[in-house]
Amino acid sequence: EAQVTQNPRYLITVTGKKLTVTCSQNMNHEYMSWYRQDPGLGLRQIYYSMNVEVTDKGDVPEGYKVSRKEKRNFPLILESPSPNQTSLYFCASSNGGGPREQYFGPGTRLTVT
Amino acid sequence: GQQVMQIPQYQHVQEGEDFTTYCNSSTTLSNIQWYKQRPGGHPVFLIQLVKSGEVKKQKRLTFQFGEAKKNSSLHITATQTTDVGTYFCAGHSGAGSYQLTFGKGTKLSVIP
Numbered sequence: 009e010a011q012v013t014q015n016p017r018y019l020i021t022v023t024g025k026k027l028t029v030t031c032s033q034n035m036n037h038e039y040m041s042w043y044r045q046d047p048g049l050g051l052r053q054i055y056y057s058m059n060v061e062v063t064d065k066g067d068v069p070e071g072y073k074v075s076r077k078e079k080r081n082f083p084l085i086l087e088s089p090s091p092n093q094t095s096l097y098f099c100a101s102s103n104g105g106g107p108r109e110q111y112f113g114p115g116t117r118l119t120v121t
Numbered sequence: 025g026q027q028v029m030q031i032p033q034y035q036h037v038q039e040g041e042d043f044t045t046y047c048n049s050s051t052t053l054s055n056i057q058w059y060k061q062r063p064g065g066h067p068v069f070l071i072q073l074v075k076s077g078e079v080k081k082q083k084r085l086t087f088q089f090g091e092a093k094k095n096s097s098l099h100i101t102a103t104q105t106t107d108v109g110t111y112f113c114a115g116h117s118g119a120g121s122y123q124l125t126f127g128k129g130t131k132l133s134v135i136p
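For the protein sequence lines, the chains are P and Y, in the order given. Heads up: the first sequence begins at 9 in the numbering used here, then just goes up one per residue. Heads up: the second sequence begins at 25 in the numbering used here, then just goes up one per residue.
Any given hint could be a false lead.
[Claimed, not checked] Label pairs and their calculated CB-CB ranges:
#1 Y:105 to P:81: 32 to 42 Å
#2 Y:118 to P:121: 37 to 47 Å
#3 P:75 to Y:33: 48 to 58 Å
#4 Y:91 to P:24: 50 to 60 Å
#5 Y:75 to P:61: 25 to 35 Å
#6 Y:104 to P:117: 38 to 48 Å
#7 Y:75 to P:105: 37 to 47 Å
#8 Y:81 to P:75: 34 to 44 Å
[Unchecked claim] Chain Y regions said to be covered by chain P (calculated; three or more residues, Cβ under 8 Å):
#9 41-47
#10 61-70
Since the hints were derived computationally from the structure, they do not count as laboratory data. Yeah, the Cβ is synthetic: ideal placement off N, Cα and C, and Gly gets one too.
Construct all of the structure, not just a fragment, from the sequences and the given hints.
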């Protein structure tokens, strides 16, 4: 089954404790992206990747890191999480090197206390 | 940077009434995409529009892309309770950018 998976689905952590949210897709998609969703603000793009080893900043990259060492994986790293990073995070992928039809993962709800 | 404005933010309709949501971009778009997110779910792709003036239909849903490729609309005819959710547009400007900018969404409630 074609899908995008994210882990963990829920995470409660404390300020400053490094964490990684994993994202994996099995569709051989070139383009992958991370979004955060906050009430009243919609979906905002954090980082995206056009292909392996090619990444770029979205609208809200501050406080986040990404890497794309393999085509299928695109982890999101929060080196020193802060409470304002409490949010619902979605990973998405699409075929081709650009943002076409996006397949979204189920989401990761992160709470930073 | 590119901005995509979407209105209205909320819409409550009686079942059977029509519904429309509008998107406006601050820049000309290469394409615009529409997504639906059910409560508690993830966004699901509905359609992509590429051509100036393009109109596409999916059963009761009609999507339009403006002539200037800066605005778009989604119209639902005779809403049903299964249409409940938040509808997002997302614009891609192209021109060497691979960024996708979402509108804030329109949350549709359907009263049976």
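These are the hints, each one checked on the structure:
The hinted window of 32 to 42 Å between residue 105 of chain Y and residue 81 of chain P holds, with their beta carbons roughly 38 Å apart. Under the hint 37 to 47 Å, the C-beta atoms of residue 118 of chain Y and residue 121 of chain P, about 41 Å apart, fit the expected range. A hinted range of 48 to 58 Å for the beta carbons of residue 75 of chain P and residue 33 of chain Y is inconsistent with their spacing of about 36 Å. Judged by the Cβ atoms, the range 50 to 60 Å given for residue 91 of chain Y and residue 24 of chain P holds: they are separated by roughly 51 Å.
About 33 Å separates the C-beta atoms of residue 75 of chain Y and residue 61 of chain P, a value consistent with the hinted range of 25 to 35 Å. For residue 104 of chain Y paired with residue 117 of chain P, a C-beta distance near 29 Å fails the hint of 38 to 48 Å. The hinted range of 37 to 47 Å is not satisfied by residue 75 of chain Y and residue 105 of chain P, whose Cβ atoms lie roughly 21 Å apart. Here the CB-CB span from residue 81 of chain Y to residue 75 of chain P is close to 41 Å, well matched to the stated 34 to 44 Å.
Given a C-beta distance limit of less than 8 Å, the hint that chain P covers the stretch 41-47 of chain Y is violated, as 0 residues qualify and 3 are needed. Only residues whose beta carbon comes within less than 8 Å of a beta carbon in chain P count, and the stretch 61-70 of chain Y has 4; three or more means the coverage holds.
Violated hints for the displayed structure, listed by number in ascending order: 3, 6, 7, 9.
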